[in-house]
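J.: Sequence:
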Amino acid sequence: MDVINPATNKKIGEVQDFTEEMVHETVGTLEKGFAEWSRSGAAVRSRIMFRAAEIMRSEKDRLASVLTAEQGKPLHEARNEILGAAAVMEFYASVAGTVSGRTLPKADYGYAFTRKTPLGVCGAIIPWNMPALIMAWKVCPALITGNTVVLKTASATPLTNIEMTDILCRAGLPKDTLAVVTGKGSTAGAAVAKDERIRHLSFTGSVDTGNEIARMVNPGRTRLTLELGGSDPMIVCGDADVDRAVAGAVSGRFFNCGQTCAAVKRLFIADSIADEFISKLKKSTEALRVGDGAAEGTSMGPLNSASGLRDMESFVESIGSDGCVITGGSRLKGPGNFYRPTLILDPGSESRLLTEEVFGPVLPIVRFGDLDEAIGMANDSGFGLGASIWTKNLDDAREAVERIDSGIIWINRHLRIPPEVPFGGVKGSGTGRENGLDSLEQYLTEKTVILSP
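Anchor point for the sequence shown: position 407 equals 881 in the numbering used here, and the numbering is continuous, going up by one each time.
Worth flagging that the hints you see were computed from the coordinates, not collected in a lab.
Each hint should be verified, as a subset may be incorrect.
Pair by pair, the computed Cβ-Cβ distance ranges are [as the list claims (entries may be wrong)]:
id, residue 1, residue 2, range
1, E894, A780, 50 to 60 Å
2, P809, M475, 52 to 62 Å
3, Y585, H550, 25 to 35 Å
Computed cross-link-like contacts, DSS-like style, restricted to lysine-lysine with a CA-CA straight-line distance of at most 27 Å [to be verified]:
id, residue 1, residue 2
4, K484, K658
5, K668, K649
6, K658, K485
7, K866, K756
8, K756, K807
9, K807, K485
10, K484, K756
11, K506, K590
12, K807, K757
13, K757, K866
14, K534, K485
15, K590, K485
16, K757, K506
Predicted model, so just to flag it, every value in this text is computed and none were measured.
Note that CB positions come from ideal geometry on N, CA and C, so glycine has one too.
Throw the hints in and build the complete structure from the sequences for me.
T.: What follows is the structure, given as structure tokens:
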């Protein structure tokens with residue numbers, strides 16, 4: 475399969491198109507590798523992962539170039555993603571020895587205790603938008619708890635994941651512990667989902683694909699974690715720091731060309747500051763430099779695919795009669811999948827911009843009168859991944875935290891997710907949690923032991 479640079483639409487590499495049989499053979503190999511890796515001990519796993527993180531940091535520029543070439547994001551964003559993946563490795567390396575069971579004294583039976591043990595072969599199916607970071611989110615907790623992993627990369631961005639797997643092996647990860655499979659989702663991805671030898675499957679992607687994955691998995695054999703994207707609201711109250719909130723809206727929407735699950739996707743602004751806010755937001759948006767991510771000074775790269783480009787055009791066409799394009803609203807001429815950073819004011823409640831996930835650089839803006847109205851609009855969505863409120867009023871912040879139906883809520887910031895905190899959604903945004911200590915439990919099973927006197 476060809477790997478294409480979205481800034482030029484030229485081929486930069488090729489990878490194996492795995493068949494279903496090849497995937498099944500790979501899982502069988504990982505089953506054999508599990509026996510050794512599960513007995514390796516937390517200290518061994520921790521040293522390997524710390525060493526891999528060290529290599530990632532030392533080679534961040536080379537890895538960032540690979541990531542930018544296949545994904546499109548600017549080099550500074552790619553470097554930060556590589557460093558973010560290394561930070562995830564370091565976090566899980568640091569907590570490797572903290573997994574413990576419980577003691578349960580029972581006078582009538584003797585002595586009872588529980589042990590946490592790894593599951594076996596685990597699967598991960600990841601998207602193309604943040605391939606380095608999301609690989610780390612899924613692979614690191616599985617490996618550090620003693621499981622082996624089959625990783626299905628996105629068809630568009632396999633090269634970074636192959637490089638990261640190589641680094642883990644250079645750091646000492648035994649063969650037959652982590653395997654990358656590349657190819658089409660309909661064949662290689664489906665084969666991973668259907669293989670009942672996989673004890674836990676973690677998927678990040680679209681709602682439709684996630685629901686299809688859920689239908690393929692045998693719930694009696696395979697645990698399932700789904701992160702299915704969102705339509706994250708950003709609420710800016712009348713007392714907010716306008717300049718700070720404008721900067722948050724620009725970075726929260728246009729980072730990675732808007733191709734981030736927890737990006738700002740619906741912006742709600744209090745009437746009292748709307749004119750000032752929109753004026754400053756327009757100026758900041760138009761200052762973004764769109765171009766090849768490999769070029770110095772690029773603020774925003776291309777969409778990852780031509781289909782994404784067509785999606786943005788379709789979204790903009792869906793605005794109602796009262797809506798207007800404040801800035802942007804068209805693709806750039808020339809090669810590559812470039813779309814202008816776009817602001818849409820009052821797109822209409824029925825617009826697809828407010829009802830679907832917009833995975834690109836288009837931001838709908840809606841005014842509100844009071845916080846109750848803003849929270850109602852924020853919750854009027856089938857998604858529930860992330861949300862943010864921008865205010866100096868502690869009572870308003872607490873009200874939003876209590877009432878907004880979302881897996882994660884930021885106050886006076888948006889998008890940053892440290893490795894230590896759990897991340898996941900509610901409603902149509904999925905089930906289960908990644909990141910933090912919570913993620914470890916999903917890759918372990920509890921075994922009870924009763925010792926008679």
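J.: Decide, hint by hint, whether the structure agrees.
T.: These are the hints, each one checked on the structure:
1. E894 / A780: 50 to 60 Å: 38 Å, violated
2. P809 / M475: 52 to 62 Å: 21 Å, violated
3. Y585 / H550: 25 to 35 Å: With a Cβ separation near 57 Å, Y585 and H550 fall outside 25 to 35 Å, so the hint is violated.
4. K484 / K658: Roughly 19 Å separates the two Cα atoms, so the pair holds.
5. K668 / K649: 24 Å, holds
6. K658 / K485: 17 Å, holds
7. K866 / K756: This hinted pair holds, its Cα atoms lying about 24 Å apart.
8. K756 / K807: 22 Å, holds
9. K807 / K485: 20 Å, holds
10. K484 / K756: 33 Å, violated
11. K506 / K590: Measuring from Cα to Cα gives roughly 21 Å; hence the hint holds.
12. K807 / K757: 22 Å, holds
13. K757 / K866: 24 Å, holds
14. K534 / K485: Given that 27 Å is the threshold and the Cα spacing comes to 23 Å, the pair holds.
15. K590 / K485: 46 Å, violated
16. K757 / K506: 58 Å, violated
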